[in-house]
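Residue numbers (my numbering), protein chains in the order written: chain A, 1166 to 1818; chain B, 36 to 414.
Read the hints as simulated data drawn from the structure, not as lab findings. Each hint should be verified, as a subset may be incorrect.
[Unchecked claim] Derived DSS-like pairs: lysine-lysine, alpha-carbon spacing no greater than 25 Å straight-line: (1) K355/B with K1419/A; (2) K1804/A with K355/B; (3) K1265/A with K1797/A; (4) K99/B with K1263/A; (5) K99/B with K169/B; (6) K1209/A with K1187/A.
[Said to hold, decoys possible] Stretch by stretch, here's where chain A covers chain B in the computed footprint (C-beta under 8 Å, at least three residues): (7) 192-206; (8) 294-300.
C-beta: ideal position from N, C-alpha, C; glycine also.
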Amino acid sequence: MRFAISLLSILAVASIIGTVLKQSEPYNNYVIQFGPFWFEAYEKLGLYDVYHAAWFLVILTFLVVSTSVCIYRNAPNFAREMKSFREHVSEQSLNAFKHKHEAATTQAPEALAASAARYLEGQGYKVKHVAREDGVLLAAKAGSWNRVGYFLAHAAIVLICIGGLVDGNLVFKAQQLFGYKKIETRDIPQSQVPAISRLSPSNPSFRGSVQIPEGSSADVVFLNVADGYLVQDLPFTVALKQFRIEHYTTGQPKNFESDIELFDRSGKKIRSATLAVNHPLIQDGIAIYQASFADGGTRLSLRGWNLFAPTASSFTVEGAVHQNATLTGAAGDYTLEFIDFRPFNVEDMGGGDAATTRNAMSVLGGSSVSDKKHLRNVGPSFQYKLRDSRGQAREFSNYMLPLELDGRWYMMSGVRDAPNEAFRYLRMPLDAEGNIDTFMRLRGALLDPALRPEIAAAFARQALPQGERGGDLETKLTHSAEQVLSLFAQGGFQPLGKFIEEKVPAAEREKAAGTYLRILELAGFEALKIADREAKLPPPKADDATGWLVRDTLNSMSDMFVYGAPVYLQLMHYDEVKASGLQLTRSPGKNVVYFGSLLLTLGVFFMLFVRERRVWLLIKPGRALLAMSSAKHTIDFEKEFTQHAQALDSLTK
Amino acid sequence: MELALNQPAPLFKRLSWFDWLFAVIVASGGLFALSRFGDFMDPYEKGILLASIPALGVFGWFWKPFRTLFLVVGAISLFAISQYHGDLARMDQAFFLKYLISSQAAIMWMCALFGLATLTYWSGLLARSEFTMKTGSALTWSAVALGFIGLMVRWYESYLIGTDVGHIPVSNLYEVFVLFCLITAMLYLYYEARYQTRQMGAFVLLVISAAVGFILWYALDRDAQGIQPLVPALKSWWMKLHVPANFIGYGSFSISAMLGAAYLLARRGILASRLPSLEVIDDIMYKSIAIGFAFFTIATILGAMWAAEAWGGYWSWDPKETWALIVWLNYAAWLHIRLVKGLRGPMLAWWALGGLIVTTFAFLGVNMFLSGLHSYGTL
Ligand code: HEM
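Please take these sequences and the hints and turn them into a complete structure.
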């Protein structure tokens, strides 16, 4: 018995491990998390898939065996006890009971026995009437179902474990042990996976998944095992016609649905159906579930902007998600890897948290406090990696539509160095027409060394009142402006700050910074005038909006130097192709488990809520002895005994 | 004593006119709902509705005070609903709704009343005043009534937000915490009447107050009281069965833990003269673990059946699932020790108290620290 309790406790503790350590992650993640030494140690212990580890299965087996043995040992006894009325008790042993009550009586034994039997039967007892040489014995019992409950519940544990094992991967483990099957770890097309890593359609039990793009089909699923996978061939083909996401008006997803068609191996259509979450489809004993979704290769048309070119010209790029493209740049070729496309993005457009909105690079990045009132769909975005010639890659996420922040509109591009980081955002201001062209034009002009003297001169002239123009001061101002612009063009605000730190005494730095910023803004406005003139556009209005545009451009350019890519890719058009992630399972153990569960429920109720108890009434001429017993003494039992004792008193009167 | 000698009268003879009135109201309410809203339900939901008619009826016959609770909650909820005129904005305009029985107001009243009841039970316990403790019971009953009204009205409000948003209010942490308070309080009130002793109220109400504290923090600090539409995974009739069954388990286990604490204190002589005898505390502790275990078993099985329909397998070793198993194994071990080894006393009381930690982790900790397939209420 101690063994059973220990087993239950050990099983509980062992189960905890798998909830603390994330299971079945790619092995690389574990290496990063634990380092190579512990990674291997943990792998040996099977901690990445605890619930299928050999030692865990051994504990489970112990539970099954021990419970079976327990049933086997108790069964004969319990069965006998259930049937027996224990009518052979001696008077002596009845007298030794803790719960006994004696009453004197003048009634004839037979008459008292009859009325007492009626009473006990009324209380739910089965009564056996035994004539003894000196009187009558009534042996009564109630609640025998308690014992039945024991059988049901404990047999249920065995059944459930067996059902679970049938659905587990024991068969594969055995095959793997003897070398009949091997896990595939290479990233190769499914059709090239060799037979040793494939499972036949007759495999009795599996649980795998597959992603099918719209308009395509699949006749296999993939089973993730340890650090690789197996290919499970299906007895049919699943074709995906369409995948749909329905949304609530608030933008949260409401339903995921796949219109699918099933074909048999000869290509004949079996049926078409619509799958949804919580509404699986069953075919040939295989259940098909809507499990996830992804992009199925959306085609993207992009406009590329060279961020560091002194011009505002753009180029076009065509691509598709899950495919690569090459960009040729000054610093060598870049590989453009399109990762994902999202037609909807529900973002928290919070109610103006000043601290986070001021810094352009972190506006949307993983806001932890989500005030759901500000959730809004901000439209499509696409994700890509830009890998340089040395193989270094950064990940980008660009929104197609502008976002409103602090009352002004921006194009947003997010960047991060590693997948576990939050995106930092570059925000590019829009002009009055809602385009980034003005930003690009001004950016080009500010980066163009050839225009710098002209910008500086125009700035100096504008900065001075009419009378002071043409003098020494103007030359000095022009010179300063040229210097500021050139520093800014080298790296944004940072070189300017460094310059101030080196050249200006500490006490005056703040003032100098203010002055330089002012120079930059005014020069920026002059630069915009010049850029507009070169582009044969009307001159910019000297209003607040233009002022903000210039200021935002300067901020954005400064961020550009830490953006990590020489190009910005703007999404112009897309042609969406979705993919639906399906899970297919065959689990013959399920019905065994369900049947076990039914037994378990019944058993637990009988065991816990049916009280087993026995009553004996030995009636001799002149006196009656009542005794009562139960395997479990509770307050209810005491109460019931008192009641029976009182009943006896009144019956014997 | 004559009565005890006769067989108990058959059930139907023992029922009073009030029992019958109650049954008729439950049945007509259920059938009305079916005829009015049946078109929006799937067959399973209709089945659940129909099955809940006899279930509620028999439950009311078995536990008499439930009849009054049911009728009061029903009447006031209907009144609240009538005050809306189908317009959610009335929540802040109509007097009754704004201050008393809009879902949020009612739940806040529930919180306040549970807090008051806790204080009252404690002063009654310390002052040995039966009357004060009676007041505690009355406050607890009122809190339960208002909590249920809050949930019923919330159910209605969710449909006012949008017919596709509407759902039973057991779908996120905020809602299930309210449910937890209600179920725990009802289970306690049942034992209180059954054992004719109110002293344990002081202890049980502590755990309810802790939950109330969480509700207030969650609502005021995290703004979690808003009604959110269901994510697709939760859109299933299984939710209506799985979640309440689980919370009967959690509620019972919490009660047993508080009784374990009372037991340990009383054994050391602290409050001993004010609390019921150790045998009584121990007995209720056992009963409540037994009820909890039975319902937790059912809830876990229902969860497995739901998982088989939603996730593609009846058991995925998802952290929440696994922790449910751990809780279940914990109490299975407890029951074995007590029933098979016949052990009683402080060791089991400590174990029951420790069980609260395991239960709380399964209930809350998993949501806070672990991630998995269960999609409601990340903290
Ligand atoms: C997950 C596994 C198990 C669960 C959930 C479980 C559950 C229970 C429960 C709830 C009781 C109720 C106590 C009662 O009213 O009698 C019980 C009784 C009992 N269990 Fe288990 N049990 C499990 C495994 C085992 C094992 C492995 C053994 C054998 C070593 C065992 C032996 C017993 C015995 C002998 C009783 C007493 C029956 C009686 O006298 O009425 N159980 N079990």
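Here is how each hint holds up against the structure:
1. K355/B with K1419/A: 23 Å, holds
2. K1804/A with K355/B: Given that 25 Å is the threshold and the Cα spacing comes to 41 Å, the pair is violated.
3. K1265/A with K1797/A: Given pair K1265/A, K1797/A holds - Cα atoms ~16 Å apart, limit 25 Å.
4. K99/B with K1263/A: With Cα atoms ~36 Å apart, K99/B and K1263/A exceed 25 Å; violated.
5. K99/B with K169/B: 18 Å, holds
6. K1209/A with K1187/A: 16 Å, holds
7. 192-206: Contact hint for the region 192-206 of chain B vs chain A: holds, 3 residues under 8 Å.
8. 294-300: Our answer is that it is violated, as 0 residues pass the Cβ test (under 8 Å) against chain A, missing three.
Of the numbered hints listed earlier, those contradicted by the structure are 2, 4, 8.
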